[in-house]
Amino acid sequence: MITDYEHFDIEDFASNDSFKNWVLHPSPKSNFFWENYIQNHPHQAHKIELARNLILGIRSAAHQVPSEATVSRLWSTINEHIENEETLESQNFWHHWSLSKIAASVAILLCLGAVFFQYTDKLQHSLRYFASDNPMIEQQNDTQEVLKVRLADGSTVSLDPDSKISYRTHFEEQKREVYLEGEAFFEVTKNPNKPFIVYANDVVTRVLGTSFRIKARDTDQKIVVAVKTGKVSVFKKKDFQENENIVAQNNKGVILKPNQQVVYLKSEEVLSKTLVEKPELLSKKSVISFDFDNTPIAEVFARLEKAYGVSIVYDEELMKNCFLTAPLGNEPLFDKLKVICKTTGATYEVFDGQIVVTSRGCN
Amino acid sequence: MVKQQTTALHDEVTLWNSFREGDKEAFACIYQLYARPLLSYGYKVTSDNTLVEDSIQDLFIELWHSRTNLSATDSVKFYLFRALRNKILRNKAKVEIEVLNDFSVEPSHLFDVSNETLMIDEEVYQLQISQLQTSLQKLPKRQQEAINLRYYHDFSNEEVAQIMGVNYQSACKFIYTGLRFLKENIIIPTFFYLLIS
Numbered sequence: 045m046i047t048d049y050e051h052f053d054i055e056d057f058a059s060n061d062s063f064k065n066w067v068l069h070p071s072p073k074s075n076f077f078w079e080n081y082i083q084n085h086p087h088q089a090h091k092i093e094l095a096r097n098l099i100l101g102i103r104s105a106a107h108q109v110p111s112e113a114t115v116s117r118l119w120s121t122i123n124e125h126i127e128n129e130e131t132l133e134s135q136n137f138w139h140h141w142s143l144s145k146i147a148a149s150v151a152i153l154l155c156l157g158a159v160f161f162q163y164t165d166k167l168q169h170s171l172r173y174f175a176s177d178n179p180m181i182e183q184q185n186d187t188q189e190v191l192k193v194r195l196a197d198g199s200t201v202s203l204d205p206d207s208k209i210s211y212r213t214h215f216e217e218q219k220r221e222v223y224l225e226g227e228a229f230f231e232v233t234k235n236p237n238k239p240f241i242v243y244a245n246d247v248v249t250r251v252l253g254t255s256f257r258i259k260a261r262d263t264d265q266k267i268v269v270a271v272k273t274g275k276v277s278v279f280k281k282k283d284f285q286e287n288e289n290i291v292a293q294n295n296k297g298v299i300l301k302p303n304q305q306v307v308y309l310k311s312e313e314v315l316s317k318t319l320v321e322k323p324e325l326l327s328k329k330s331v332i333s334f335d336f337d338n339t340p341i342a343e344v345f346a347r348l349e350k351a352y353g354v355s356i357v358y359d360e361e362l363m364k365n366c367f368l369t370a371p372l373g374n375e376p377l378f379d380k381l382k383v384i385c386k387t388t389g390a391t392y393e394v395f396d397g398q399i400v401v402t403s404r405g406c407n
Numbered sequence: 767m768v769k770q771q772t773t774a775l776h777d778e779v780t781l782w783n784s785f786r787e788g789d790k791e792a793f794a795c796i797y798q799l800y801a802r803p804l805l806s807y808g809y810k811v812t813s814d815n816t817l818v819e820d821s822i823q824d825l826f827i828e829l830w831h832s833r834t835n836l837s838a839t840d841s842v843k844f845y846l847f848r849a850l851r852n853k854i855l856r857n858k859a860k861v862e863i864e865v866l867n868d869f870s871v872e873p874s875h876l877f878d879v880s881n882e883t884l885m886i887d888e889e890v891y892q893l894q895i896s897q898l899q900t901s902l903q904k905l906p907k908r909q910q911e912a913i914n915l916r917y918y919h920d921f922s923n924e925e926v927a928q929i930m931g932v933n934y935q936s937a938c939k940f941i942y943t944g945l946r947f948l949k950e951n952i953i954i955p956t957f958f959y960l961l962i963s
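These protein sequence lines map, in sequence, to chains A and B. Numbered according to my numbering, the first sequence terminates at residue 407, and the numbering increases by one at each position without gaps. Numbered according to my numbering, the second sequence terminates at residue 963, and the numbering increases by one at each position without gaps.
Since the hints were derived computationally from the structure, they do not count as laboratory data. Backbone N, C-alpha and C fix where the C-beta goes; we use that ideal spot for every residue, glycine too. There's no promise every hint is true.
[To be verified] Restraint-style ranges between C-beta atoms, simulated for each label pair:
1. A:R117 / B:G931: 25 to 33 Å
2. A:P86 / B:L836: 46 to 54 Å
3. B:A838 / A:N84: 41 to 49 Å
4. A:E189 / B:A838: 58 to 66 Å
5. A:P72 / B:A838: 30 to 38 Å
6. B:S784 / A:S316: 39 to 47 Å
[Unchecked claim] Cβ-to-Cβ under 7 Å is the rule here; a few derived chain B residues that face chain A:
7. S806
8. E819
9. F826
10. L829
11. R833
12. F844
13. Y845
14. Q899
15. L902
16. N914
17. R946
Isolated chain B (complex conformation) (with noise of 0.2 Å):
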C-alpha cells in the first residue's frame, strides 16, 4: 500500500512536469485524476451545482493557458484543490455578496449519499452510516469542510488550513470539534459493535 502510494505520488508529479512542457495527453489525465474529486468537493463548497462546474471550467482552461508560468509542485491535487476554493469564492462574488456563514446548523448536502455510497449490504452498516450522515450535517459548515478534506480527501491538517485558507489552529480545532460532536452522536449498536471487534 504505502508502495502503491509512492508510485502513484510519483506518476502525479511527472504528469504535471510534462503537462507544464505542452503534453496534452498529460493535462488530460491530470483532468481525468481529479475531475471527480473536485467536483465532489466543490458541491460541498456551495450548494449551486452550477457554480462548482463552471469553476472547474475556468480552472482547467486558466490552467492550459498559464502552463509556462506554473511552479513544480508535489502535490497536484492539493494546488488543485486550493485553486478550486479560490475560483468558486470568486465567481460567487461576481454574482451575489453572500457571507458564508460559520455557524450555519442548517442542514447542507455536503454528505449526500449517493446510491453508490452504500456497497455493503449489511443493514447494521448502513444504519450506522446514515447516523453519521445525519450527525454530519448538524455540524457548523466550517467544520463539515474541514472533515471531509481531513479524511474523505485524505489531506492532513496543514493542507486543510491551506486550502480553507485560515491558520493551522482553527483547521485542527475545526476537525477536533467536529470530531468530538460526532462521537457523541454515534450510537453503536451492540451487535455491529460485536461483528467489529
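Isolated chain A, as found in the complex (with noise of 0.2 Å):
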C-alpha cells in the first residue's frame, strides 16, 4: 500500500479501494492498517470516520428487499419452462417430473437457508464496526532501554527497544486481544474467563494468566514464544483463524509449560517445541537439594523435575543400578545435566520440550 492519503478528502477515502474493503470486510490485517494510520495520522481522523459513515450510510439507504412472493413466483414459471423442456426429452419417466419438482424445492430450502446465515452475519459486522468507539492504543518503544507497559487489566508488557504493541483502549468481554512487533515479556493477570492473545506476525498466543516472552522481529527468520510460569498454547494464525472453537483450536496448537519454548520457522511454518536455552528454577526460594550423594539416579532426575518444571524421560529399568554423587549447586540445567551424563554414561536430548536420557545402564 503505497497509495499517499496525506490530502486525501472524505471522497477520496470512500472511493479508494482498500479503504472500501476495509469498511466492507473487515479483517485483522486492515483493521491493523488502517487503526494504525488513524493513530498516526490524527488529523485525517475525521475525515475517515465521515467517509466510513457515508459508505455504510449509502448501504443502509440502498437496501432493499424484494418480495419473497416475487422470487418464488418468477421460479416457479423458470422451472416449468425447464421442466417442459426435460419432459419432451424423456416422455417415458412420467413420474420424472414430480420428482424433480421435489429435489428442486428442497434445493431451494436449503440454499435459503445458506442466504439467510451469510447474510446477517454480514449485517451484524457491518454494525459492529460502525458502533466502534474504542479506539487502538499504540506504545512504540524508541528508546534504548526497556519499556513497562500496564494494561487496563492490570497485565504488565516489558516492551524491548524497537518492539511495538497496539491493542483497544477496553478489551472485549470476551477475550483481551494484543497485537506485538519485535519482542517483549509479558506478565498476564490471571482471568479464567477472558483469554489473553497475542497475535505477532504469524502466531497467536493464547494464556488465561501466566508471564512469557514472544520474540517476533520482522528482520528475524523465526518467531519464538518461551513460557516462564503457567501454561500457554501457541498457534499457527491460520489454525487459529479457522477454528472459532476452542476445542477445534486447541488440538491444532502447541502446549507450553515453564521453560518450554516454541520456535516457529517462518520459511517452514511449522510449530516445534524445545526447551529454552537457559532454564530457570520454578522458584528463587526453592530449597531443593542438589547435593547428590550415592542417590539413585530416578531421585536425582526427580528432583530437576521439580525444580525446573521439566519433563525427563529415561528407562527406568534399565538405569535402576545408577547412583549419583556430585555436589551440584546453582549451575544451569543443562550443565548439571552434562555431569550426570559423564558420570553415568549416559547421553541427554531435548525432543519436543523434554529431556531425554539415553544410557546403557550401570553395573
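Both chains come to you apart, so use the hints to assemble them.
Okay, structure coming up:
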C-alpha cells in the first residue's frame, strides 16, 4: 500500500478500494493498517470517520428486500420451462416431473438457509464496526531501555527496544487481544473467563494468566514464544482463525509449560517445541538440594523435574543401578545434565520440549 | 471474514461449473443466491417492475438452455448483473423507445426505503439515513446506479464500468462526483458524531 492518503478528502477515502474493502470486509490485517493510520494521522481521523459513515450509510439507504412472493413466482415459471423441455426429452418417465420438482424445492430450502446466515453475519459485522468507539492504542518503544506498559486489566508488558504493541482502549468482553511487533515479556493477570491473546506475525499465543516472552521481529527468520510460568497455547495464525471453537483449536496448537518454548520458522511454517536456552528454577526460594551423595538416579531426575518443571524421559529399568555422587549447586540445568550423563555413561537430547536420556545402564 | 469470502467465491464457481454440466440443483442454488440482488438492482435500472421480473425470468430460462455453451467465470454475480442489464435494455427497446437520460434530476426510486431497511432503532441513525436517501435521489440516474453497484452490490470500479457498458474513467467519475455531492449534502448531527467518534 503505497498510496499517499495525506491529502485525501472524504470522497477520496470513500472511493479508494483499500478503504472500501476495510469498511465492508474488515480483516485483522486491514484493521491493523487503518487503525494504525488513524493513530499516526489524527488530523485525518474525522474525515475517515465521515467516509466510513458515508459508505455504510449508502448501503443502509440502498438496502431493499424484494418480496419473497416475487422470488418464488419467478422460479415457478423458470422451473416450468425447464421441466417442459425435459418432459419432451424423456416422455416415458412420467413421474420424473414431480420428482425433480420436489428435488428443486428441497434445493431451494437448503439455499435459503445458506443465504440467510451469510446475510445476517455480514450485517452484524458492519454494525459492530459502525458502532466502534473503542480506538486502538499503540505503544512504540524507540528508547534503548525496556519500556513497561500497563494494560487495563492489570497485566504488564515489558517492551524491548524497537518494538511495538497495540491494543484496544477497552478489551472486549470475551477476550483480551494485543498485537505485537518485535519482542516483549508479558506478565498476564489471571482471568480464566477472558483469555489473553497475542498476535505476533504468523503466530498467535493464548493464555489465561501467566508470564512469557515473545520474539517476533520482522527481520528474523523465526518467531519464539518462551514460557516462564503457567501454561501457554501457541497457534499458527492460519489455524487460529480457521477454528473459532476452542476444542478444535487445542488440537492444532502447541501447549507450553514453564521453561519450554516454541520456535516457528517462517520458511517452513512449522511450530516446534523445545526447551528454553537456560531453564530457570521455578521458585527462587527453592529448597531442593542438588548435593547428591550416592543418590539413586530416579531420585536425581525427580528433583530436577520438580525444580525446573521439565520432564525427563529415561528407561527406569535400565538405569535402576545408577547412583550419583556429585555436589551440584547453582549451575544451569544443562550443565548439571552434562555432569550427570558423564558420570553415568549416558547421553541426553531435547526432543519435543522434553529431555530424553539414553543410557546402557550401570553396573 | 476474508476467509469466508474466499469460501463463498469458491462455492460460487463450483456451483456454476456443476450447473454447466446440467446439475439442476446447482442451477436452483444460483437462482436462490442471486434472485434478490438481481431484482433489487433491476428495480433500479428501470421503474417498470414487470419488465425487470420478465427479464430475470428470460435470463434464467436462456441460461438453462444455453448451459453447455456457457464459459467458465470467476464471478457469477458479475456475469448475471451484466446479463440482466443488457436484457432489460433489449426488452425495453421492444416495447418502447425510451432514452436513458444521464442528467435527469427527477426523483427516482433507486434508493427506496423498505420497512426492513431500518433495522437499527436509533433515531439519529434513521435521520442520517433518510437524509442520505434524499440526497441520493437528487443524483443523476447513472451516478445513482454506479454508486449502488459499487457500495451496495460491492463491485469494483472495473466491474461497474463493464456492467453499465461505459469505460473505466466514466464509471469512476460517476462514483466520485456522486460521492462529492453526497458528502456536501450529508449533515452529521453532533450527537451522532459523538456516538461514533
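Open item on the list: Flag every earlier hint the structure violates by its number, smallest first.
Closed with: 10, 11, 12, 13
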